[in-house]
Amino acid sequence: MFLFSFYCLWGIAVSITAYNDDCGKVNEYLLRAACKNNSPIVKDTYFSASTKQSTTLSAQNQKIIFDDVLVNRGNAYDKSTGVFTCPRRGDYKFSFTILKTISAASHILLMVNNNRQLLTYTPGRHNRETHNGDIILSLQRGDKVYLQGREKGMGIHGNRCSMFSGMSL
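According to mature numbering (1 follows the signal peptide of the UniProt record, and there is no 0), the residues represented by the sequence shown are -18 to -1, 1 to 151, in order.
Hints were generated in silico from the structure; no laboratory data involved. Note that the structure is a prediction, hence the values are computed from the model and not measured. Don't take every hint at face value.
Restraint ranges, calculated between C-beta atoms of paired labels, are given here [to be verified]: (1) Pro105 - Arg55: 29 to 39 Å; (2) Gly124 - Ile84: 29 to 39 Å; (3) Arg110 - Leu151: 23 to 33 Å; (4) Ile118 - Ala87: 21 to 31 Å.
Mimicking DSS-like on lysine-lysine, the simulated pairs with C-alpha atoms at most 27 Å apart in a straight line are [as the list claims (entries may be wrong)]: (5) Lys61 - Lys75; (6) Lys34 - Lys134; (7) Lys61 - Lys34; (8) Lys126 - Lys61; (9) Lys61 - Lys45; (10) Lys61 - Lys134; (11) Lys34 - Lys45; (12) Lys34 - Lys75; (13) Lys75 - Lys126; (14) Lys34 - Lys126; (15) Lys75 - Lys45; (16) Lys45 - Lys126; (17) Lys45 - Lys134.
Just so it is clear, CB atoms sit at the ideal spot from N, CA and C, and this is done for glycine as well.
Make the full structure from the sequences, and use the hints.
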C-alpha cells in the first residue's frame, strides 16, 4: 500500500512539474511579446500633482514643479523636477490648470524633450486668470514631458489651485 501511494504522489508531482514548465514557457513567450524594444510592462500609468505653495518663476522658460502628488501610478512623475518620463511607447493624455497670482500677460508651454507641443496665453487683464490645456500625444519610451512658464516673475497659486496630470491611453 505504501509503495502504491508513493508512486501516485510521485506521478502527480511529475505532472504538476511538466504543467508548470509548459506554463512557464507560455508565460515567458507572452512576457517577451509584451516587452518589445525592452520596455517594462506597466499596466497603467497616470499621475496627478498640484502646487502646495504659491510660487513666482525666477527665470524665463522655467519648469513648473508640482510638488503635491495626489497619485503617481507607475512612478513616472518626478515631483522634485516636475518632469513626467514616459515608461513605454504609446498614447498619453495630459491636462493642466494654472491659476496666476498677478495681472500680467503670460504663457504656459507643455514641452516634450525641450520641444513645445502646446502653448496657452492669458492677456493679464485681471488677477487670478487661468491657463488650461489638454492634449493627446504619441510618445516614445524615455520622452520627458513638463510645463514651463515663459515669463520671469509669473506668479502661480498654491493650495491645489494649479495642477498637472497625465495618463496612458
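- Query: Which of the numbered hints are not met once you compare them with the structure shown?
  - Reply: The structure conflicts with no hint, since it agrees with every one listed earlier.
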